[in-house]
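**Q** Construct all of the structure, not just a fragment, from the sequences and the given hints.
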Amino acid sequence: MNVLKFGGTSVKSVENIKKVIAIILNHRQNGDTIGAVVLSAMSGVTNQLIEIGRMAATNNPDYLELIRGIEDRHFNVIKGLIPIKEQSKVFGKVRGTVNELEDLLRGVSLIRELSDRTMDLVMSFGERLSCLVISECLKSKGVPTRFCDARELIKTDAQFSMAEVDETTTNQLIREYFSTIGSDLPIVTGFIGSTAHNETTTLGRGGSDYTASILGAALNADFIDIWTDVDGMMTADPRKVPNAFNIPTITYAEAMELSHFGAKVIYPPTLQPAFSRNIPIRILNTFNASHEGTVISRTADRRDFTITGISSIDDIVLVNIQGSGMIGVAGVSAKLFSTLAHYKISVILISQASSEHSICFAIEPRNAERVRDILEAEFATEIAHGHVDYIGIEKDLSIIATVGEGMKKSSGIAGKLFSVLGKNGVNIIAIAQGSSEINISVVINKNNLSKALNAMHNVFFQSEARILNLYLVGAGLIGRTLLQQIESQYAFLRNEKLLRICLVGVSNTKKMLLDPKGIDLTTWQDRLANEGVTTSLPAFVEKLKDYNLPNSVFIDCTADKDIPLFYEPLLNANVSIVTPNKVANSGPYAEYKRLQRAAVRRGVKFLYETNVGAGLPIINTLQGLMTSGDRFLKIEAILSGTLSYIFNNFRPGVSFATIVKEAKEKGFTEPDPREDLSGMDVGRKILILAREAGFELEPSDVTINNLLPESCITAPSIPAFFEELERNHAYFDNLLLGAEGRNEKLRYVATFENGKVTIELRSVGFDHPFYSLSGADNIISFTTERYKERPLVIKGPGAGAEVTATGVFADVVSIGSYLA
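Under the working numbering, think of the first position of the sequence shown as 762, with each following residue one higher.
Straight-line distance between alpha carbons at most 25 Å, and here's what the computed DSS-like set of lysine-lysine pairs gives:
(1) K846 / K780
(2) K1306 / K1271
(3) K902 / K850
(4) K1025 / K1207
(5) K1549 / K1395
(6) K900 / K854
(7) K780 / K902
(8) K1278 / K1207
(9) K850 / K780
(10) K1343 / K1395
(11) K1517 / K1549
(12) K1156 / K1207
(13) K1271 / K1343
(14) K1366 / K1306
(15) K1366 / K1304
(16) K902 / K779
(17) K1427 / K1556
(18) K1556 / K1517
(19) K1343 / K1322
(20) K1343 / K1427
(21) K780 / K900
(22) K1207 / K1001
(23) K846 / K900
(24) K902 / K854
(25) K1025 / K780
(26) K854 / K779
(27) K1306 / K1001
(28) K900 / K779
(29) K1517 / K1354
(30) K1395 / K1517
(31) K902 / K846
(32) K1354 / K1395
(33) K1366 / K1322
(34) K1304 / K1271
(35) K1395 / K1556
(36) K1306 / K1272
(37) K1271 / K1322
(38) K900 / K850
(39) K1366 / K1177
I should point out that these hints are in silico values taken from the structure, not numbers from a laboratory.
**A** Quick look at the structure:
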């Protein structure tokens, strides 16, 4: 025998009630015995009744219009589901009940007072009306029903709005009643009961679940079925965590913890009556009746995950009472919590410092100021004598509870929890862990709730790929290539590396597009063109911060001098940064170190492998040597693909100007080749390497010996520059012939040695590692204490969109691994 309960959304409308009736009829056709059907009020009606009561108490006559609206909703159900010839008597019953409500509110309006006792009576009309109408609807379908007012069965104390059930009397009344009804199907009002003096009480919002459980326990049901609008209990709230999924089986203890800490699928007191009789509770979906939902029972099936679910209470306040006089003093906690109990203040979470110096506890925000006043009065003597120093209220907080039987005796759960929150910049204000070891609860700032939930779910339920949220500034050649590479590797990363890359923002010099739900990697260009707004980097960064998504990565694929001004605020907002832009790391040393410290302090990554050598593993190699304790003696490098190409192809019989023109035509140089030939870009790169090697150098410490004659440098235009190159061909020919006369080759080399950085054109012999360089390759030679006799050499393509994008991509993936 089953007890069925249908929630407010299930009985919200004619179409929804049709589904409820179909479920009941299907049970009967399958031969299943239904002991009782418990119904909530139509969705939204209870809130309307509360508003109506408050309006009446202020003598606002508009409450009558709201009553008409409630009446019309029930009339519409009658018209939609009951044959015309049977409607009038049901209309009459509804009208009679509504008249009773109107009489009550007229009295409220006259005396201008609305007590909790009267409010409970007002709220009771929601369930009474829905049960009356649906009972008649079922009768019209041939189901013999009996309207059952739960106030006749469920007896409570006089704690209005949150009454406690008299279990002994209630069970006796239920059994007596059900022994007399024969084959009729009781349609029972949820949520309400009554005192010994027959005063109407309510069991707390969500109390219809509780009603079903009370009935099921009293009748020793086989199952208590809670029909709602979701497919059972989920690993997290799907409205906050899109990747949440169904939990097929769960224990009473786990369900109790999850529901206590905000999982609204089931009302917490519901579990106790079922647990006491070992009756399974099934959470089912009225709108997806074939889904198996969730079964709550004493035991649960083995799972692939250590934890069962994550729940949260969105808005709480933390009360902190502290003082040196509390240390070692017996009875402080007893006095504190007995006082709260006396004033009916419910405590959600408790945390006490091991020194006994402070106790903090979480309560609902509506009780905050009242609790402060109560405690200041109760502890007035202790405050006067200095034993209690402080009673503080901290607002705008949330609680997250991580729950699971699998946490018992499992090591590393707390470490993983604190790590993922730390990496996402979520500060933990208070912690509580029960001795049962199935719940770790943390209090955090409310504005970080969504980010924390998604980050935690991503880590604890690794069947779902962990997510990186990317914001790309610079959708030019390198940026486009990067997104193409990510798109082509998307499936591999998702399936093999459990990494899902989500593009959230993209910007070029004209337009920007941001979408927290993600931007498709195959259509981003069309969306940017059609939906993008005028680019504003401050607005882009502000949106990024407002979204506050977990595992956020900002990618700067530009050479813009202003964008790095936003790096430090982004790092401080716990956003990792990946960039080939050299500006930030080659400016003043203090700024370089400030970014490094910000990344370390906030636990995020600032990666810039592509600052030097595009996709070559130069900076990673250097950092690895430094971390392992090696010391750098000398760095020699050819760090310009443009200059590498020019001097690898400069040969007798071909003028230097011709080679430079050829490099420009192939796209190896900047529009003005003097930007490459000046050596400034090489200077920035070698400066970055020297800093990474541990040396505090400023840009002014870099000496660049001019490659070009002065007349070439000062030429007023690019054509004039090439004319000056031709006029100076003898100068370059002499350099080439001199090198060849020594069996050497010309190379544009950056050198760091003895604390000095020099960049100059040199000739090197066949015994030098740079002698055999070809094409547009870069080459770097590290001489260290460990690589003294034979320097460590890295060689390969040091420029180009493909290899640069590859280096950026590798940095992004490494952040994914770090966050895992």
